[in-house]
Structures are given as structure tokens and as C-alpha cells.
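*Asks:* Those protein sequence lines, which keep their order, are chains H and R.
Position one of the first sequence corresponds to residue 1 (the numbering used here), numbered consecutively onward.
Position one of the second sequence corresponds to residue 523 (the numbering used here), numbered consecutively onward.
Treat the hints as calculated values from the structure; they're not laboratory data.
Every value quoted in this text rests on a predicted model; they were computed, and no experiment measured them.
Glycine is no exception: its CB is placed at the ideal position from the N, C-alpha and C atoms.
One should not assume that every hint holds.
[As the list claims (entries may be wrong)] Simulated coverage check for chain R against chain H, where a stretch passes if three residues somewhere in it have a Cβ under 8 Å from a Cβ of chain H:
no.: 1; segment: 612-624
no.: 2; segment: 672-682
no.: 3; segment: 716-722
[Unchecked claim] Incomplete in silico selection of chain H near chain R, CB under 10 Å:
no.: 4; residue: G24
no.: 5; residue: D143
no.: 6; residue: A481
no.: 7; residue: E484
no.: 8; residue: K493
[Said to hold, decoys possible] Simulated pairs of lysine to any residue, SDA-like, Cα-Cα distance not exceeding 20 Å:
no.: 9; chain 1: H; residue 1: K493; chain 2: R; residue 2: I744
no.: 10; chain 1: R; residue 1: K867; chain 2: H; residue 2: D247
no.: 11; chain 1: H; residue 1: K195; chain 2: H; residue 2: I122
no.: 12; chain 1: H; residue 1: K493; chain 2: R; residue 2: K867
no.: 13; chain 1: H; residue 1: K470; chain 2: R; residue 2: E628
no.: 14; chain 1: H; residue 1: K493; chain 2: R; residue 2: E628
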Amino acid sequence: MAVLEKTELVTNAAGRIVPELVNGRQQVAYQGVGKYRPAGQKAAPPIRTAADYPEDGDKRVPNLQSALGKCGLRDRMVISSHHHLRDGDRVAMMAMEAAAQIGVNDLTWFPSASFPSQKGAIEFMQSGTIHHIEGSMNGPLGDYCTQGKMRGMGVLRSHGGRWQAIQDGEVHIDIAVIAAPTADPFGNCDGSHGKSACGSLGFALADSVYADHVIVVTDNLVPFPCVPWQIQGNNVDYVVEVESIGDPARIVSGTTQITRSPDRLRIAEFVARFLRDAGIMRNGFSFQAGAGGIALAFVSYLTQMMKDAGVKARFVRGGSTKYLVELLEEGLTDYILDGQTFDLDGVRSMANNPKHVATSPFTSYNYHGKGNFASIIDAVVLGATEVDSNFNANVVTHSDGRLLHGIGGWQNCLASKCTILAVPSFRDRIPVIVDEVTTLCGPGEWIDVVVTERGIAINPRRQDLLDAVKGSQLPIRPLHAIKEEVERICGGKPTRPERGDRPVAVVKWVDGTVLDTIWQVV
Amino acid sequence: MTHVIERSGTAIGEAGHSGADVRSDVHVRIEIRDGGGLEIQLESRVQPYYGQLIRQQAEEVLDVLGVRHALVQIRDEGALPFVISARVEAACRRAGLGANTRVLPERVSPPSPSAPDQLRRSRLYVPGSEPKYFVSAPLHGSDAIILDLEDSVHPGEKDAARLLVRNALRAVDFLQCERMVRINQLPLGLADLDEIVPESPDLILIPKVESPNQVVELNCRIAEIKADYGVTRSIWLMPILESALGIENAFAIATCSEQIVALTIGLEDYTADLGVVKTSTGAESLYARQRLVNAARAAGVQAIDSVFGDVADMEGLRRWAENSYALGFEGMGCVHPAQISVIHKAFAPTASEIEKATEILKAYDDAHQKGLGVVSLGSKMIDPPVVNRALKLIERARAMRLVP
């Protein structure tokens, strides 16, 4: 059984109880939206000299094990990997396998996100190769963590928060292992070509810049130069060629399907109508939507409304899918600024269309920068597992406290001018609108609208939005009215499952402060 | 295990569904025992939140049904309380217990009673054995919801579906939707009435009607049950004509009961009866549909069209619905909520029709005020039937909230 450090617990500005110490590092408790002011200098990797790298630019080594050895892999190092290959990724587990072969222990695995196919990490934790994971954990990994079996504490960060943590020196990456769908021997990498093409490699960018050592693993080695390059070979130490970096079928979906669920379609249509009727959908506007069933359907409804009204967007943000690509190709948006690419149409478009631009968590999301794209966007449509009466939301845990999703770009997107949570009012009898969220991931100050199949609730802080939709036919209702209706349908409020008293992970806010705690599930 | 069967005979009953793909339903298995009280084994997707309530509810239902000693195995996939209650009751009945006892969920206030001539542009079919669709169906804005006990329910599930539909009529908030039930063909449909009528649905659809006698017989049974249970709300009838003979008898059927407010047609069975292929243009059923419209008009009831079955073909649906409106139908059925708005649009008067009708009515008012016998608009004289039609059109537009 895991041994967790003893730590004092404090109450943060959101009223949540959080640990002061996480994995031996002193933490700053959440102080409120926009309150925490960082100081000091950014982190930086050691200075290197070209004298130590091959003049012919050929950085190839025979395998991952030798690359890790040359990088000086030791016990307790931090190894990072990235999720642009999503559930199809093979490289992260390949790296752990190689580390185990070398015989090191107590590594921190620092993925940009983990996926169900990486449940093998549990064995590496049991064998001692991995000490703990700092990154999203779902399914079996999530259960392992919330059952208190992990030796260290999990740290859940948003995509922007991960950049911030690396840049601010909260996390020092010893070795970054980057899976590249195309690369040259110098280490330049591209994600939109090759048999394992995935689109953008933005998630690996911070690691390539800030890690002590960078290893590129590719299954499509091309002669120098790899054009275009999303990762600069000048940051790369070694290049490893392998048979396959991932399972193409699980990297991107062949086609993304719009939901056929009447309730979800209704929610999607409400969201689109809200944007139209609130006047947000106008010439030159922008929006972001992911690849969930509701988000896809929303894009499809909005596209029709844009056509009907003769309105064009300046830019849209993905996760891109064929629905965003259609928007671009029909001239209904000038640009797609893409954070990750979900289907084949998205990958093809990014490879061929200069107006389909790969972005990184730095440009899109990093809160400790001189602004970011997320706050420029007019509207964003997100999901949530729970929302409370004050519009605070949870996106990482089930109501029973088990880890369900990573934060992804969710927290960063809340900065948009109009943040919309599109959620069913209940799932399997479990109400989504609750008295208190199990885990706080998004403060209500940044959540403007909750759209359910039973009506649309606007945050009372947004009188401007309430005014904007006055007189429209939209079913605008107070959030508590929807909540009470659903509790009636479900036969009363659900019992709140008892939570353990041992912290097993923390949720960071976009500025690196600790927003909430995940507790061991009883 | 033979001794169990010998001792308790048929005293095992199961009802409902569970499994990874099932949502909002529950599977209940009851094995009646001779002693030892109730043993409830519960597995539920919502165990941490509602586990206690589910147990409690099962115990209450069993108590009302007089089940004292039994092994009760519940596998719940997030079923709502009225569904759990119906499934436990169905399992008990299948085990041979509680036949004459009803366990009724709390009643939400039903929508106000429907009028004989109210808007019936769209009626959304909800399979009576699929509880996952029940609570959300009224949200989609159709004029009516049909809880279906007939074709969408497997023959082996009729008894259980009846209890689900009965409970839904009590526990689901139907908002502004008219609450319709399609019962089974007679005589099975008579058994449906026993459960359904006490919950006063607004309208009952009677399938495969071929002669007035069928309706009269059914209506008598409804009246008896209403009297037994003190139901005072009207229960309207909509016969479904689904055969050549039914179409031939359309007028006689439409006029055989005061409770009949509409006639509708079932095209799958009708085309089968004719031995022709059902097409998306409906040419093969044009005569039947026109005959039905005429009979309905003559009888002073509404003519309502069939459904358009291809959910993916929205363009085909639009063409069908517009044609249907042009033939004189006042509405049609929906098999998916996405069809509702297309249908409403097709059955609504157009802006220019409304404008013209408004002008005619204004001209009529002007003439009336001036004491003129002849109404004229511009250089044209307006006949009384034209005024009447304009009046009806505006009334209809008002009911659809197209005019203030």
C-alpha cells in the first residue's frame, strides 16, 4: 500500500480543502480567478553546444533503450510523453518498458494525458519503475489512483496548466519522449503526415523546449528536412526509428459521428440558437467546440444558421473534425486554429490547407504568458460531469469521486467571452446539477451558461447575456428550477457518497495554484 | 433444484432489461419462497446515490402486492422510480402474485384536458417497452405523445409494457403534450384498457378498425372502466384504418361515436392488404388517403396522416408532409423527435396565406361595420365560404402561435 507524505490541509479561496505539500513540493492554494501573481524567472534547460552533436545532423540511435541510456536515465527522473496519438499511442509504454529494462526505479511519468490503452502503467507502478503519474488518469489508472494505491499524489492539470508548470519550473522534465508521425534524422518532427498521422504535435512543444533531454521516436523517417516541422530538431538529442508508434485506428477516428440521441440533439440545437439569439453569432465571430457528440451536432446546427444569416466566422478552434473542416472549405470561417485533430478529414485539412493552423498550449492556453487565444474567443462549448447552483463545475470525477476524465483544455477554455456547458440534466438517474460539486475544476465566475435538454440557465453574473436573449423563444430558466425538476424526476436528491479523508491527487487551476483535492474513494 | 419447483410451482417471475447497452431500465427476478422474509440482492449503476431508495421502493411495492417471502434480484441500469415500480410489479405478476392489486406511483398533475378539435399536427411515437424515452419525449414540442402498446412492443412484453405505460401516464410530466395511447388490436386491446383507462389518457388510438362495431364495443368498455374508477375526463378516440375494408367504412366509423375526434391511416398494413409496395411518394395510397380525408370532413372530425418512416430522409419527409397538408390532413405521426419541426412547418399556413386571410377578415369587418351585405377586397367580391376559410386559417395560425 502506498505511503503518502504527511501534509497540512488548508482551505482555499473557493472553500475547498487542499494539501499544502504535493510530492514534496510546497503548493500555493487557489486564491481566486486572476488573483495569484507569479514572480521570478521562467525555467530553462541547460545550455548545449553544437560541438557535442553530429555535424551531419544524424542523431539516430538504434533503439529507445540506448537513447534513454545516453540521456543518463536514473532513478527518480521525470519522463514525459504526449497524447496526440490518443488511445493509439504505443510510445509512452515503449519508453516505460525500456526504462524497466534498464532497471531504474521511481520515475515520475508526466504525460500530457493518459488513455485506457496505457493501463499497463499500473504494472510499472507495481513493479516500482514508476513512482507516480502527474497527468490525467481515467479508467483503470484512475481507479488505481483513487483507491490510494499510487505511491505519490496525482496532479491534474489543464493543457495550459501543463505548459505553465513546465515553464514556471514546477515540473522539471529530465527526458521528453516525443512520438512523431514524421521526423528527419536531425529531429525535426511533423504530425500531419505519415501512416500514424495525427495532426498537431502542440502538446509536445513545451517538453521539446524545456526538457533536459529530448528523444524523438518515429515510424516515418524522412531525409532532412522534414517539412513542415512542428518540433524543432535543434531541441532534440536523439532520434529512434521504430516499426510503429501507434495504432492508426485509435489515433484518429475515420469518421466522426453526430449523436442521434434526441436529447443531445436538442441540447446542441439550443446552444446554436443561443449563440444566434444572443447576437454572438455575427460576422467575424469565433467559437470553439470539441469532438463530443453534442459539440459536433452543435457545429452542424450553427453552420446552417450561419448560412441562413449570411454570417462568417473569423476563426474557429478545434479539436478539429470534418465539421470544422467543412466550415473552412465552404468559406464560413477564415481559419481553423487547431489544438488537436480528431478525424481523418481534420488531418488531411491540416496537411493541405494553410488556413488550418496547428497551435500549441502556449499560444492557446498558457495563463502565465502575455495573454492567450482562449480569452479572445467569443464562445466555447464544453461538457461537465457536474455543475452546482453557483455554476461551479466538475469535469474530472464521477459523483462518487472516481476519476473519469482529464481536464484537457477545459479549464483554459473557460476564459472565453461566453463559456457554455452543454450537459444532459441527468445521466442514468444521476442529476448533473448538484448542491456541491464532487471536485471543483471550474469556478462559476468563468462559467456563463448551462444548456440542458430541459432549458438554458444563464449565470446571474451575466446580466448582459440575460438582456441579450430577452424576448427570444429560448427556454431560459434559473439553474435551480432545472435542478429541482430533475430531482423530482429522479425521485429525490442522490445520496452523497462518503469520501475518504486521504488526498490522492490535486486539481490545479490554470495559474498553478491548487483548486481542489481528489480523495481516496472509500 | 427440482424440489424448489415442486414446492413453489411457477413462483418465479422476471421482468425488465439490464446489461451494458441498456439504459434507464431494470431487470427484476423474483423467486417466491415459503419463509425467511425478503432477501433483496441489488446491483445498480447508481448504487452509491440511490441504492437505498431502490431497495426501499422494491420493499414497498412487494408489501402492497403481499409478497412476504422471496428472493428478489434487481439489476438496475439507472431506471427512474416509476419504471422500477412497474418492473417489480410485472415480475410479481409473472410469478403469479398480485394480479388484482395495482401499485401506483405518485401522480404529477396531468396537462389540462384536450379539446376535440385541438392541434394534432404531430404525435410522437414512444415504444411502450422502452422506458429510456419516456421522460424526455414531451420536451420536443410535439402536439401529442403516443405511448405505444401495439407494434413497437414484442408480443411477450405486452403485459409488462402495459404497467410501464400506466405508470408513465401518472408519473411523467407531459408538459403541453396530449397524452395518447395506442392499444393493441382487439381483443388484446381490451386488457390494455383495464390498466390505461383509470389513468385517463386524453386519447386512445384503436388499431386496425374495420367496422363501427369494434369502436362501439371498445367505447362501452371504456365507459364501464371510467365509471368504476370515477374518471371524468373525456377520453377521445382515433380509429386507425389499416385495410381496404376499413377505408370503405371510413364514414360509418367516423360517425359511430361522439368520442371520435380524428381518423388516421396505417399505411404499412394498408399497402400490405392491397398487395402493393409502399413508396415514399405514396401514390399507391392516394385514393385511401383522400377517401379518409373526405369521410373525416363529412363527419366533422380531423383527418390525420400516417408516419414517414425514414428518419434520415428529412427532404422526403418535408415533401410528404407538404403533400399531406395539401390533401387536407391536419397532422401526421413522428417516429423521431427530429421530424417534429419539419412537420409543424409543413402543416402551418404560410406567411402569405396568413397575410391574405388577414386582409379578407379586415375587409369583412369593414363591410360588416358599414352595414354592407357584400364584402369586397379591391375589385374582387368575397364569398362567405372564403371568409370562413380565412377565419379557420387564422384560428389555426393563432393556435400555432404564428399570429398574436
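*Asks:* Could you grab the alpha-carbon distance between K195 of chain H and I122 of chain H and see if it respects the 20 Å cut-off?
*Replies:* Given that 20 Å is the threshold and the Cα spacing comes to 29 Å, the pair is violated.
*Asks:* Do the numbers back the hint for G24 of chain H, that is, is its least Cβ distance to chain R under 10 Å?
*Replies:* violated (33 Å)
*Asks:* Would you settle whether the hint for K493 of chain H is holds or violated, based on the nearest Cβ-Cβ distance to chain R being less than 10 Å?
*Replies:* holds (9 Å)
*Asks:* Given the hint that K867 of chain R pairs with D247 of chain H, test it: the Cα-Cα distance must not exceed 20 Å.
*Replies:* Between K867 of chain R and D247 of chain H the Cα gap is close to 47 Å, so the pair fails against 20 Å, i.e. violated.
*Asks:* Count the residues of the segment 612-624 of chain R with a beta-carbon closer than 8 Å to any beta-carbon of chain H: does the count reach three?
*Replies:* violated (count 0)
*Asks:* Examine the segment 672-682 of chain R: at least three residues should have C-beta closer than 8 Å to a C-beta of chain H.
*Replies:* With 0 residues close enough to chain H, the hint is violated.
*Asks:* Given a cut of 10 Å on the nearest C-beta pair, is the interface hint for D143 of chain H held or broken against chain R?
*Replies:* violated (14 Å)
*Asks:* For the pair supplied as a hint, K493 of chain H and K867 of chain R, is the alpha-carbon distance within the 20 Å limit?
*Replies:* violated (40 Å)
*Asks:* Is K493 of chain H within 20 Å of I744 of chain R, Cα to Cα?
*Replies:* The hint is violated at about 39 Å.
*Asks:* Would the hint linking K470 of chain H and E628 of chain R be met if the CA-CA limit is 20 Å?
*Replies:* Violated, because 36 Å separates the two Cα atoms, which is more than 20 Å.
*Asks:* Just to be careful: measuring from the Cβ of A481 of chain H to every Cβ in chain R, is the smallest value less than 10 Å?
*Replies:* violated (13 Å)
*Asks:* According to a criterion of three or more residues whose C-beta lies within less than 8 Å of a C-beta of chain H, is the segment 716-722 of chain R covered?
*Replies:* violated (count 0)
Hints 1, 2, 3, 4, 5, 6, 7, 9, 10, 11, 12 and 13 from the earlier list are contradicted by this structure; the remaining hints agree with it.
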